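Respectively, the protein sequence lines represent chains V and U. Every letter in the first sequence is one number past the one before it in the numbering used here, and letter 7, counting from 1, is 7. Every letter in the second sequence is one number past the one before it in the numbering used here, and letter 166, counting from 1, is 166.
Bear in mind the hints are in silico, worked out from the structure with no lab data behind them. Note that the structure is a prediction, hence the values are computed from the model and not measured. Among these hints, one or two may not hold up.
If you want the ones that stay clear, here's a sample from chain V, every Cβ over 12 angstroms from chain U, calculated [unchecked claim]: (1) GLY167; (2) SER205; (3) SER251; (4) LYS295.
Just a few of them, taken from the derived set where beta-carbon distance is under 10 angstroms, the chain V residues facing chain U [stated by the list, open to error]: (5) ARG100; (6) GLU140; (7) ASN146; (8) GLU268; (9) CYS269; (10) LYS313.
With a straight-line cut-off of 30 angstroms between C-alpha atoms, the simulated BS3-like cross-links for lysine-lysine are [what the hints assert, rightly or not]: (11) V/LYS37 with V/LYS250; (12) U/LYS447 with U/LYS685; (13) U/LYS505 with V/LYS280; (14) V/LYS275 with U/LYS505; (15) V/LYS278 with U/LYS525; (16) U/LYS676 with U/LYS401; (17) V/LYS318 with U/LYS505; (18) V/LYS131 with V/LYS280; (19) U/LYS676 with V/LYS319; (20) V/LYS288 with V/LYS275; (21) V/LYS250 with V/LYS288; (22) V/LYS241 with U/LYS518; (23) U/LYS445 with U/LYS676; (24) U/LYS518 with V/LYS194; (25) U/LYS685 with U/LYS630; (26) U/LYS525 with V/LYS45.
Using N, Cα and C, we set each Cβ at its ideal position, and we do this for glycine too.
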Amino acid sequence: MNKKNLAIILISIIVLTGCGSSPKDTLDDIEFHKGTKGLVVEFTKNTLDEVVEEGRIYATLELKNIGASDIKEGILVPSVEQDYVEIDSWKIPDNFRTARDNVLLFNLKGKSLSLQKGEKQIVSAIINTKKIEDTRNKIESTLVFNMCYPYSTILSETICIDTDPEGLSVAKKTCESKDITTMGGQGAPISITKVEQKVIPSISSDAVRIQFTIYAENKEDGIIIDDNRYQQVCLGEGITKDDYDVIRLKSIRFSDYEYDISGYEDIECSPNPLKETKNKYYTICTLKEENSIPKSKFTFETPLIVELLYGYKITESKKIEILNNDILT
Amino acid sequence: MSLLSKTKEAYGSHRNNGKGRFHSAIRAPFTGLKGAVKGRVKQEYQKGIDAGRRPIFAGATAVPAATKNYLVEKKDNLARDHAALGFVFFALLINFLFERYFPITRFNGFSLEFFKNTIFGGNWAGIYNIFHFNIYFLVIVFAIFNLRDRKPHTLRVWLSLILVTYLLSSIPILNTYMGMRNIIEFFMLFFTAIYLTFAKEVTWDDFMATITLFWVFYNLWAFGVTATLGGIIHFIFVVLFYLTFCMGKAFWEDRTQIKWWLLIIILFDFVLPEFFDVMYPNLPIATLPFLTFGVLLFAQVYQPSSITMFLIILFVAFYFFQATVAGGSFRDFINQRQADDAKFEDRKNPFSPAYWKDMMMKMMNQSLYYGSGQDYYASQVDENAKKRLGVYIDGLGKNPKEYYDNEEIVIDATLTAQNFVSEGEGEIAEPINIKLGCSAYQSNKEKEKGKIYPKKEFTIESYDVENIQCVFEPWQLEKGSYEIRLNAEFNFKTQAYLKRYFVAKETIDSLRRKQLIKKDTDILKLNDITDINPLVKNSVAPVQLKASDKIPVVIKLSSQVTTSHLFGLQLENSWKGKIEKIENIQFFLPEHIEIEKGRCTPFHMEKSLAPEAEGYSLFQMVYMNNPRLKNIERSVEQRCWILIKPENRDNILQPGDVTTRYFRMIADYTYGLEEKLKINVREEKGFSVRIASTDSKVLDSSSYVSCIVKNDEDIGDTVICTLFADSNEPESISTFCSDDTCKCDFFRPTDRKYPRGTSLRCDAKVEKKEYFSSAYAEVKNSPPEIKNIRMSQDSVRKGENIICSVDASDVDNDNIIVQFDFEGLNIASTQKECMGSCSVEIPTSNAIETTTLKCTAMAIDGKGDKSKELTAKAKVTVEAQNE
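Whenever a hint applies, use it, and build me the whole structure from the sequences.
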């Protein structure tokens, strides 16, 4: 390679590495509202795979809330093959408590500035094994743990409210209205993937109404359940089809306008709970007529905050082998 | 000429020059190499001279350079000829060894769910972003700008790098779609610039193939292929493949084509598994070795050989076969994305002949059953069951196959018996009672019975191994071929269990309406349960229990109406023998599950009041005299209807979606095991004599004695037979024998026969021809005899007793026990001591309907010999009751 070529390459390297934007702020709340996981549960490595009949095994689970929301009154329901195995008791931390039938109720905090990785707790189920038939050297049994918890997804983005969609105003617009498309989630298993924005005419010709179509998707392998009945669903009590796929829009607000499920309504939102179509869920929120935005208000940017509420169910299982005492002697 | 040939030639040359073998063998490789590179040395020398070096330096460097070039060329040739095959074996190692034995290394491609949802959802921006098309188009723009003249100019390359990196990224419309997003994408551009600057040959085709490949590698990394060890291994494989074939000098000319092939292999291994899984959910996709298959196709196209052709045929044939058998019956077996251990077991099956046989049988059995409209029953021997439970007769094959008719024929065998271990403290498992017998068969007809030594009956508590013999007396078997059948009749039991899942009907209905599940068993996958089609698991035993496919895996319990299901069970003979009689069938059903009364066929079952296993209700057979219970060659079925009442539902269901419970079944039976051995019996040559019974086969205390003389040719002279009986005076008989065989019959004037245990010797001679022979025998025990059997009445009414009487005798005056068996009423067998005559009184009060009562009697003497059975009948009438 000649010197000329080498010089060009070196200059290019200097230019490339010298220029460039400064890194964006790190450690802001964007970090916490990223990802698609909420509660993550796995068996710890020290949970044994084999146990002798009429023996005891500790099934240790690590529960981590790595989403953005806190979990309050989550429920953990164990399901074991009662012919060979029974749960004797639990070893649990202080913020967990047991209920009937060896069910656990728990609280776990999500990610925050003080808990950047979310709260993690370890619980151990003390399991006794029963006698197995003498004709068998060992039996495989599956321990199943179902976890159900209420959760929320919060989307916070900046939107541009275009009060002059026809472009009649002389004044230059400070921003351009566009849809919000997100990748990577908001720190919850239900992701708000898109918010479409439309300007619809008001009855009065000098005002506009804004309409948002909010789309959400289940990004993880769990099941969406009604957050008002998540405990019953986990326990298998009186289940109906209306207990599944229930995502409620808790609130949406932008600028001075707000919708809240508890009754505050500048904005009309329907359907609520969100309707399902082709593995997506959606609802349409429209600014009420009486709250139309006058056209005299120039195009402006404002934060849009959307919060969804739902219940979520995940399952974790483990196979163990119950050995006949004879094969050990 | 190859190095090997040169070496052989060199060896021959050294030997011809008088060198020793060892000396020649040591020197031959060096001489061979020297010969191989000789021509090259001259070339290298000339090159050095042409380059201006002095002759001495050119000479010094010529040999090493020539040798190095030769070896490099050899290496390249080797690589060119065998690298593809090497990668095939590497892929086999990954798919069949690592993934079989180390579950952590398993990799089954990417899940396409996310991509599917994005594409079908019309989220084109999402698709663009997911596949990082931004960097792909950026590099193409970069290439178009620099490869217009097919010769990249260094200044232009680096200037355009700056342009692409910064300016393009700033243009408002373009930056969304073509901006660089991270440091990796920057480095991809940077290395593209390096490649364009320094690569010797850059063609547009090769450049496109290269950047496409790198874009794919980038996407694989971004999709998280390195999240699992299996993914890392597969990723390393494709990287090594790239380094070998796409950068190796040996493949330089074909590199472009190979790069496109690598893309196909990546498609095979990373994308196709899920694709086929969705398209063909009934096929065992998880077990297909996509990586091996992709590399095999490449190897066959690029470096075809008989090995690759053979492997392709083997793979296609095996998986075609498996897919054909899978059909609909594997519907519920297959786990979609994460195959469990059992499924990966299938990878080693192509090498097992037993697997092919089993697959063929299953295919035939299934089509036979479905074609005839019958239920298909299935089960498996529990792989965790204790082995060698039961009774076995081994070692028969070690016996000689040739015997003489005048010698005792002794067949040795080993009897092994292992019983169930008792369930707990104080409980004793029922011992195994074994009755042995042996016979000689010709053309499937029993010719002679042999005697069993040391004893005919054994009682095994837990485990025993005994040496046994089947003995035929001299001359008991005449000349000919026989099949010796050693049989063992023993009581045994099979324990089996069947796992089933219970779910609230409302839960299933709700999940179906929400399309969270398509079929009932999908709820198991939702609950992370991988055993989605549990079969009946049996203990090791001659009878296997199989469950009907009509018993659903997931049993839905309603809170409104009673749930009922057909519970079908098949008892199948799975050893080489026969089920002599089924003594009992017991079902242990989880508490609150009942059997509908009167709905079991063909054997009636009722709830037992006997102590139950905790958490279970016991149902067992009543009325054990059904003829279907006896002499079962193949199988018998039992069908019942099980009920779960709505008020009991909550007692069965546990918290959670799915409750797992087990049905336990026990079958008690008497099994007749048989082992066979073929032998030949030959005649002794020359003049011989034997002692036999005049009128029967066995020489016992009820026989008259004869001496039978035999010769190879006609005797044509007087034969003198002398009989010695213990220390009594011998008796002699002379008879003229014109044929080759004749008899000397010894009838005492008083017709007294010789008592049991008498030692007999018979000498036969033909004086003129100097023929002489002796034979020895012992008078055996005579079996008892039942002279007649009768019922006190021909017909009785229910409630009246009837008497069955026999007259029995024994020539040896042994004590006789008569065994009475009954059919037609539920009456247990009984035994009675019988000197002359004896009888039993039979109650008829348990008769349900008018029936024929049979009384069968058999006498047994103190030596274990039995008489023939005789039977008498009477009618028991049951009158209809007035309402």
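Which of the numbered hints above does this structure break?
Per hint list: 8, 9, 18, 19, 25 violated.
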